[in-house]
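Asks: One letter stands for each residue in the lines below.
Number of protein chains: 2
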Amino acid sequence: MMPDNMKQNKPINKVFIATSMDGYIADRDGGIGWLDTIPEINTIDSGYDAFTSEIDAFVFGRVTFETLCSFDMDWFYTKPVFVVSNTLDEIPQKYKDKAFLIKGTVPEILAHVHQKGYYRLYIDGGGLIQNFLKEDMIDELVITTIPVLLGGGTPLFSSLPEQLNFECKRTTLYLDAIVQNHYVRKRQSL
Amino acid sequence: MMPDNMKQNKPINKVFIATSMDGYIADRDGGIGWLDTIPEINTIDSGYDAFTSEIDAFVFGRVTFETLCSFDMDWFYTKPVFVVSNTLDEIPQKYKDKAFLIKGTVPEILAHVHQKGYYRLYIDGGGLIQNFLKEDMIDELVITTIPVLLGGGTPLFSSLPEQLNFECKRTTLYLDAIVQNHYVRKRQSL
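Residue numbers (this note's numbering), protein chains in the order written: chain A, 487 to 676; chain B, 487 to 676.
Just so you know, the hints here were simulated from the structure itself, not pulled from any lab data. Take the hints with a grain of salt, since some may be wrong.
The list cannot tell twin chains apart, which means a pair is met if one copy fits it or any two copies do.
Cross-link-like lysine to aspartate or glutamate pairs, in silico, EDC-like; alpha carbons within 16 Å at most [claimed, not checked]: (1) K582 to D513; (2) K582 to D625; (3) K602 to D522; (4) K580 to D560; (5) K672 to D522; (6) K672 to D662; (7) K582 to D662; (8) K584 to D515; (9) K672 to D513; (10) K500 to D558; (11) K565 to E653; (12) K582 to E552; (13) K620 to D522; (14) K500 to E552; (15) K602 to D622; (16) K500 to D662; (17) K580 to D513; (18) K620 to D558; (19) K496 to E552; (20) K582 to D622.
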């Protein structure tokens, strides 16, 4: 058994995301209005709070960060947010004490964030998740499927150098509509 | 209430299919060996027999039919099989009393099969399912998700002229691995 304080230093990268039945995380216009196809979606406990209670920091792609900034609401996050972008010059003044710009490859991103003392990471953003998957650096995915076919948009998944296998630890059906699956990467035992 | 014998004449088009987590029904080589990633998959009752007991006929795309023909096994189906192809000239001699070639658009296909007295149809094949979905002619989808990311292959879904909404009537987790969702098309009430 690993002592609890060592467990905290074990790197783990997790995803918690909603998709359409056809695997899109945003529609053709980049919008997420289709999430409200099930109006009662906001009445369910999706497990987001429990999930984020077990992470140390958020790592967002630029588009995800800019989408968050576009919402007219108070800053939501009580843990550090790292924004990965090779094009953004700086974090807008308003968020400078809350979000931190980082650049580089997936290993460089991880080295940087680990060095700051954050090991349990919430990875968000289509491109960023795809880059992490290409390096086989995603350990868990909680995917919440909204029962709509969009027929186009921003896909969650993209090409991979090889097949990746998972277990499905839990599946939950909400409101006869929304299915949430908790996938954990199944790597070959040594 | 509709009498049972009238229900049988109510057209319904259903899909029962397995996909990877990233929505592929065949890998980059057209193969389905990844279905056996979970070796115990053949020990579960996937509900296929119950599902097919409530259909009158199968409607397959050409690729699906040719894949079936390539298996070195006895003919499996006890109900009529219609093969949709605009390129195939005829059904191979061996299957002439079991499978029937049809051509045409989705409405033409349905008119033909209904006219033969078959109303509850099992639609199979990526291209055919996509064509039916484009015309909003799929009523139910039972999707069995194998917990692998293939990173490429033949997708189940493609572009659509408009968003299609569903309910999820049932979700089942098998072997801490395979998730089966039963989606029913949710159309606007008149």
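Asks: It remains to establish, for every hint, whether it holds in the given structure.
Replies: Comparing the hints with the structure gives:
1. In the homo-oligomer, the alpha carbons of K582 and D513 never lie at most 16 Å apart, since the shortest distance is 30 Å inside one protomer and 45 Å across protomers.
2. In this homomeric assembly, K582 and D625 never come within 16 Å of each other (Cα to Cα): the closest approach is 29 Å inside a single copy and 50 Å across copies.
3. In the homo-oligomer, the alpha carbons of K602 and D522 never lie at most 16 Å apart, since the shortest distance is 37 Å inside one protomer and 42 Å across protomers.
4. Taking the shortest alpha-carbon separations for K580 and D560, only the intra-copy value of 11 Å comes in at or below 16 Å, while the best inter-copy value is 69 Å.
5. Taking the shortest Cα distances, K672 and D522 sit within 16 Å of each other only across copies (15 Å), while inside one copy they are farther apart (33 Å).
6. Taking CA atoms no more than 16 Å apart as the test, K672 paired with D662 passes between copies only; the shortest distance there is 12 Å, against 29 Å inside one copy.
7. Taking the closest pair of Cα atoms, K582 and D662 never come within 16 Å of each other, the shortest separation being 42 Å inside a single copy and 43 Å across copies.
8. Proximity of K584 and D515 under a CA criterion of 16 Å is satisfied in neither setting, with 28 Å inside one chain copy and 47 Å between copies.
9. Taking identical chains as interchangeable, the C-alpha atoms of K672 and D513 are never at most 16 Å apart, the minima being 30 Å within one chain and 20 Å between chains.
10. For the homomeric pair K500 and D558, neither the shortest alpha-carbon distance inside one copy (27 Å) nor that between copies (43 Å) is at most 16 Å.
11. In this assembly of identical chains, K565 and E653 lie within 16 Å of each other by CA distance neither inside one copy nor across copies; the values are 28 Å within and 36 Å between.
12. Taking identical chains as interchangeable, the C-alpha atoms of K582 and E552 lie at most 16 Å apart only when both belong to the same chain, with a minimum of 14 Å there against 60 Å between chains.
13. Proximity of K620 to D522 under the C-alpha cut-off of 16 Å is found in neither arrangement, the shortest distances being 31 Å within a copy and 23 Å between copies.
14. Neither within a single protomer nor between protomers do K500 and E552 lie at most 16 Å apart by alpha-carbon distance, with minima of 21 Å and 41 Å respectively.
15. Taking the shortest Cα distances, K602 and D622 never come within 16 Å of each other, neither inside one copy (22 Å) nor across copies (52 Å).
16. Proximity of K500 to D662 under the C-alpha cut-off of 16 Å is found in neither arrangement, the shortest distances being 26 Å within a copy and 19 Å between copies.
17. Within a single copy, K580 and D513 get their C-alpha atoms no closer than 28 Å, and across copies no closer than 47 Å, so neither meets the 16 Å cut-off.
18. In the homo-oligomer, the alpha carbons of K620 and D558 never lie at most 16 Å apart, since the shortest distance is 34 Å inside one protomer and 37 Å across protomers.
19. When the C-alpha separation of K496 and E552 is checked against a cutoff of 16 Å, the pair qualifies neither within a copy, at 30 Å, nor between copies, at 49 Å.
20. Taking CA atoms no more than 16 Å apart as the test, K582 paired with D622 passes in neither setting, with 31 Å inside one copy and 48 Å between copies.
Hints 1, 2, 3, 7, 8, 9, 10, 11, 13, 14, 15, 16, 17, 18, 19 and 20 from the earlier list are contradicted by this structure; the remaining hints agree with it.
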